[in-house]
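Residue numbers (the numbering used here), protein chains in the order written: chain B, 1 to 118; chain Z, 1 to 110.
Please note that a few of the clues may not be correct.
Okay, derived cross-link-like pairs now, EDC-like style, lysine to aspartate or glutamate, Cα gap no bigger than 16 Å in a straight line [to be verified]:
(1) B:Lys57 x B:Glu44
(2) Z:Lys45 x B:Glu20
(3) Z:Lys45 x B:Glu111
(4) B:Lys11 x B:Glu111
(5) Z:Lys2 x B:Glu44
(6) Z:Lys42 x Z:Asp82
(7) Z:Lys102 x Z:Asp39
(8) Z:Lys102 x Z:Glu3
(9) B:Lys17 x B:Asp56
(10) B:Lys17 x B:Glu85
(11) Z:Lys45 x Z:Asp82
(12) Z:Lys102 x B:Glu20
(13) Z:Lys102 x Z:Asp7
(14) Z:Lys42 x B:Glu111
Here are the in silico distance ranges between beta carbons for each label pair [what the hints assert, rightly or not]:
(15) B:Glu68 x Z:Ala20: 41 to 51 Å
(16) B:Ser5 x Z:Arg59: 24 to 34 Å
(17) B:Pro61 x Z:Pro8: 20 to 30 Å
These are computed hints drawn from the structure, not numbers from a lab.
No experiment lies behind these values; they were computed from the predicted model shown.
All C-beta atoms in this analysis are idealised placements derived from N, C-alpha and C, irrespective of residue type, glycine included.
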Amino acid sequence: GAGVSQSPSNKVTEKGKDVELRCDPISGHTALYWYRQSLGQGLEFLIYFQGNSAPDKSGLPSDRFSAERTGGSVSTLTIQRTQQEDSAVYLCASSLEPGLAGGPGELFFGEGSRLTVL
Amino acid sequence: RKEVEQDPGPFNVPEGATVAFNCTYSNSASQSFFWYRQDCRKEPKLLMSVYSSGNEDGRFTAQLNRASQYISLLIRDSKLSDSATYLCVSYNQAGTALIFGKGTTLSVSS
Numbered sequence: 001g002a003g004v005s006q007s008p009s010n011k012v013t014e015k016g017k018d019v020e021l022r023c024d025p026i027s028g029h030t031a032l033y034w035y036r037q038s039l040g041q042g043l044e045f046l047i048y049f050q051g052n053s054a055p056d057k058s059g060l061p062s063d064r065f066s067a068e069r070t071g072g073s074v075s076t077l078t079i080q081r082t083q084q085e086d087s088a089v090y091l092c093a094s095s096l097e098p099g100l101a102g103g104p105g106e107l108f109f110g111e112g113s114r115l116t117v118l
Numbered sequence: 001r002k003e004v005e006q007d008p009g010p011f012n013v014p015e016g017a018t019v020a021f022n023c024t025y026s027n028s029a030s031q032s033f034f035w036y037r038q039d040c041r042k043e044p045k046l047l048m049s050v051y052s053s054g055n056e057d058g059r060f061t062a063q064l065n066r067a068s069q070y071i072s073l074l075i076r077d078s079k080l081s082d083s084a085t086y087l088c089v090s091y092n093q094a095g096t097a098l099i100f101g102k103g104t105t106l107s108v109s110s
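Kindly generate the complete structure, drawing on both the sequences and the hints.
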């Protein structure tokens with residue numbers, strides 16, 4: 001089935017390098033989220049895109065992190081000058097239009113991109 | 001106060017046991033709540049949505065207490081396959097993004 005697709009599935013990089021992580025949401029889903037999950041930790045919200053509205057960037061941990069969503073579909077999360085504490089699994093999720101009470105319904109997650117910064 | 005807080009556990013129970021998890025949330029205006037399940041090294045998947053006074057799905061019951069700002073998940077007749085981390089989800093203060101708790105780990109043994 002055409003679920004949320006993320007690439008790369010694994011990325012090992014050296015400290016100070018830039019990385020790009022890609023998310024291809026389910027077709028027709030207007031809402032797209034990025035989260036990250038460190039080993040043994042919960043999901044940390046990073047950024048949220050909804051249609052053509054300005055994204056909610058309130059979860060981005062520093063200005064080294066940025067994300068864009070082109071054409072309302074594919075999204076790219078960019079981490080500049082990576083640090084060892086950036087090592088985590090970066091999860092993307094998408095959902096349909098806001099539903100009950102103005103919020104999104106079920107989030108469908110990709111399998112994540114595991115980033116290791118040496 | 002964190003936006004969504006959960007007891008991390010772990011909860012270790014035998015098969016057939018009933019177990020309950022609680023979660024507190026800080027956004028009193030949030031209208032929607034969810035429980036997600038995450039298996040080891042897998043992505044989270046929706047277990048149940050929780051609206052108004054709560055709902056039931058088979059062995060799983062979710063309750064919402066708006067006055068105390070907490071939701072609960074009750075699992076009856078636990079199965080080995082229920083072993084996972086259960087994530088409580090609510091909206092952030094801005095009402096725009098879904099925020100996950102750190103999860104409660106359940107281990108069901110035979």
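Exercise for review: Mind listing which of the numbered hints don't hold for this structure, in increasing order?
Suggested key: 2, 9, 12
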